[in-house]
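Please work from the sequences and hints to get the whole structure.
Number of protein chains: 2
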Amino acid sequence: MARAHQVLIRKLREHSRLAADDLATLNAISHSVRQLDADEELIRQGDRPEVSAVVLAGMVARYHLLSNGRRQYLSFHMAGDMPDSQALFVDKMDHSVCAIGPALIASIPHKELLAAFQHRPTIGFAIWRETLIDAAIFREAITNNSARTMPARMAHLFCELFYRARASGLNVESRFAAPITLVQLGETLGMSIATVNRTLQEIRDSKSADFVRGELHVEDWKRLAEIGQFSPDYLHLKRPPPH
Amino acid sequence: MARAHQVLIRKLREHSRLAADDLATLNAISHSVRQLDADEELIRQGDRPEVSAVVLAGMVARYHLLSNGRRQYLSFHMAGDMPDSQALFVDKMDHSVCAIGPALIASIPHKELLAAFQHRPTIGFAIWRETLIDAAIFREAITNNSARTMPARMAHLFCELFYRARASGLNVESRFAAPITLVQLGETLGMSIATVNRTLQEIRDSKSADFVRGELHVEDWKRLAEIGQFSPDYLHLKRPPPH
DNA sequence: CGTGTGGTTGAAAATGTTCAACGCCTGTGG
DNA sequence: CCACAGGCGTTGAACATTTTCAACCACACG
Numbered sequence: 001m002a003r004a005h006q007v008l009i010r011k012l013r014e015h016s017r018l019a020a021d022d023l024a025t026l027n028a029i030s031h032s033v034r035q036l037d038a039d040e041e042l043i044r045q046g047d048r049p050e051v052s053a054v055v056l057a058g059m060v061a062r063y064h065l066l067s068n069g070r071r072q073y074l075s076f077h078m079a080g081d082m083p084d085s086q087a088l089f090v091d092k093m094d095h096s097v098c099a100i101g102p103a104l105i106a107s108i109p110h111k112e113l114l115a116a117f118q119h120r121p122t123i124g125f126a127i128w129r130e131t132l133i134d135a136a137i138f139r140e141a142i143t144n145n146s147a148r149t150m151p152a153r154m155a156h157l158f159c160e161l162f163y164r165a166r167a168s169g170l171n172v173e174s175r176f177a178a179p180i181t182l183v184q185l186g187e188t189l190g191m192s193i194a195t196v197n198r199t200l201q202e203i204r205d206s207k208s209a210d211f212v213r214g215e216l217h218v219e220d221w222k223r224l225a226e227i228g229q230f231s232p233d234y235l236h237l238k239r240p241p242p243h
Numbered sequence: 001m002a003r004a005h006q007v008l009i010r011k012l013r014e015h016s017r018l019a020a021d022d023l024a025t026l027n028a029i030s031h032s033v034r035q036l037d038a039d040e041e042l043i044r045q046g047d048r049p050e051v052s053a054v055v056l057a058g059m060v061a062r063y064h065l066l067s068n069g070r071r072q073y074l075s076f077h078m079a080g081d082m083p084d085s086q087a088l089f090v091d092k093m094d095h096s097v098c099a100i101g102p103a104l105i106a107s108i109p110h111k112e113l114l115a116a117f118q119h120r121p122t123i124g125f126a127i128w129r130e131t132l133i134d135a136a137i138f139r140e141a142i143t144n145n146s147a148r149t150m151p152a153r154m155a156h157l158f159c160e161l162f163y164r165a166r167a168s169g170l171n172v173e174s175r176f177a178a179p180i181t182l183v184q185l186g187e188t189l190g191m192s193i194a195t196v197n198r199t200l201q202e203i204r205d206s207k208s209a210d211f212v213r214g215e216l217h218v219e220d221w222k223r224l225a226e227i228g229q230f231s232p233d234y235l236h237l238k239r240p241p242p243h
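Those sequence lines, one after another, are chains R and X.
The opening residue of the first sequence carries number 1 in full-length UniProt numbering; numbering runs sequentially from there.
The opening residue of the second sequence carries number 1 in full-length UniProt numbering; numbering runs sequentially from there.
Simulated from the structure, these hints should not be mistaken for lab results.
Check before you lean on any hint, since a few could be wrong.
[What the hints assert, rightly or not] Capping the alpha-carbon separation at 30 angstroms, the derived lysine-lysine pairs in DSS-like fashion look like this:
#, chain 1, residue 1, chain 2, residue 2
1, X, Lys207, X, Lys222
2, R, Lys111, X, Lys222
3, X, Lys207, R, Lys92
4, X, Lys111, X, Lys92
5, R, Lys238, R, Lys222
6, R, Lys92, X, Lys238
Bear in mind that the values here come from a model prediction, so they are computed numbers and not experimental data.
Dropping the structure here:
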């Protein structure tokens with residue numbers, strides 16, 4: 001099992017430059033680790049967390065709870081991501097976070113992070129950058145769900161998940177484990193389950209990708225990116241992922 | 001004409017606590033001011049700005065440019081907002097910013113801001129918080145455009161604009177100048193112009209609000225908020241706006 | 001006084017949703 | 001070992017909503 005520090009540092013380095021002193025400071029941060037069951041909530045809308053989470057394994061999702069009981073998923077997070085770093089500076093959560101499939105997460109006290117920022121501002125800037133990339137992902141989701149056709153939406157989401165997974169080395173060849181159900185896919189992309197199902201079949205028929213029982217299989221990256229009008233610029237990674 | 005420092009400080013104080021030394025440091029920051037015509041672009045997708053903008057008067061919008069030439073508006077910004085503060089830490093713009101109606105903006109060199117952060121970390125945290133609130137607004141837009149009916153979407157946008165305007169004292173009674181065209185409303189909410197038009201009439205018929213020639217008139221706040229399922233928590237303001 | 005932008009409208013066509021039913025797999029208790 | 005329940009996924013058809021298209025209005029500006 002990878003240590004929390006390593007996972008976080010690896011992730012931050014995908015977009016930020018860290019000096020030896022930064023690494024030392026990060027490595028000195030204390031944390032606790034926790035296992036989550038599928039669908040278990042990590043943070044609830046309205047909470048005022050005093051720790052920040054780092055995903056170590058599995059996936060976690062952020063979502064809004066709507067007045068009619070429905071959920072709107074906002075983003076998915078994988079190893080290295082900090083799904084609630086915003087809570088460092090905005091007290092009250094405006095959304096919830098739950099596990100998608102079983103997940104392992106580390107909790108770091110805000111105090112420790114803030115102390116690290118004071119000591120090594122670069123660390124703060126790296127995490128700030130992380131939150132800014134989150135925001136870019138949210139913006140892309142607005143566009144995705146508002147301006148693209150159903151197949152393009154779905155393909156775009158698949159592209160984003162796979163691209164990010166690959167950047168973090170979480171893929172196995174052309175496959176990536178994302179234990180998302182079709183219902184959740186619908187609550188992410190703003191489409192009914194029936195449409196999710198039929199759209200997924202369209203993508204399957206295009207031979208560009210498939211998504212079965214929580215595993216995404218990218219068969220033809222180029223075509224999938226074309227269907228999804230995917231361009232990875234908004235992820236702001238320092239260099240493209242391997243392969 | 002309000003000085004840029006005052007406008008920015010007032011805005012930051014809506015969500016952050018600033019000490020006298022912070023104010024002094026902010027007041028010492030140099031900047032230039034620029035007038036923009038309606039629709040004039042301030043920053044283009046792909047740019048690498050070395051200054052950050054503060055809106056002094058008028059409105060500015062962020063948007064994605066799509067492959068088919070269409071625009072997807074992502075957010076609107078009014079006096080006090082920093083529509084491109086993210087460029088401080090992510091080099092390349094993933095979206096554009098343009099004026100909505102004539103606008104006045106101040107430009108602050110990144111260097112000056114970064115120096116201020118070094119000197120007074122609280123200032124950095126306040127601007128970080130500002131970018132986090134932006135992200136919360138984006139998240140809400142995902143939900144709005146993905147999970148709400150057309151009237152609710154539009155009402156929600158009106159609520160957000162009016163609430164933010166009121167928090168910054170930019171309203172005149174129940175009115176707020178937002179020189180947005182119906183086409184732009186459609187490109188914000190993900191609906192065709194015909195639907196924008198008909199939905200606007202629905203809202204007008206409900207006697208909760210009206211939007212004519214770039215002026216939003218809120219006739220019945222409570223009802224509008226109900227139609228739009230609007231709850232201002234996600235704006236993370238320290239206290240509710242007056243009235 | 002004409003031209004253009006922004007706004008309005010009705011009807012046909014396209015796109016999604018809803019609803020109701022069914023299939024498949026898995027895990028559990030008899 | 002089998003039977004059954006429940007979660008998840010699949011499907012067809014009726015229905016509702018939204019887009020498209022084409023036309024028209026009205027006001028502002030040169």
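Right, here's what the structure says about each hint:
At most 30 angstroms may separate the alpha-carbon atoms for a hinted pair to count; lysine 207 (chain X) and lysine 222 (chain X) meet this at roughly 11 angstroms. Our distance criterion of 30 angstroms between C-alpha atoms is broken by lysine 111 (chain R) and lysine 222 (chain X), whose separation comes to about 40 angstroms. The straight-line distance between the Cα atoms of lysine 207 (chain X) and lysine 92 (chain R) is roughly 33 angstroms, outside the 30 angstroms bound, and the hint therefore fails. At roughly 17 angstroms between alpha-carbon atoms, lysine 111 (chain X) and lysine 92 (chain X) fall within 30 angstroms of each other, so this suggested pair holds.
Distance check on the hinted pair: lysine 238 (chain R) and lysine 222 (chain R) sit about 21 angstroms apart at the alpha-carbon level, within 30 angstroms; holds. With a CA separation close to 11 angstroms, the supplied pair lysine 92 (chain R) and lysine 238 (chain X) stays within the 30 angstroms bound.
The structure fails hints 2 and 3 (numbered hints given earlier, in ascending order).
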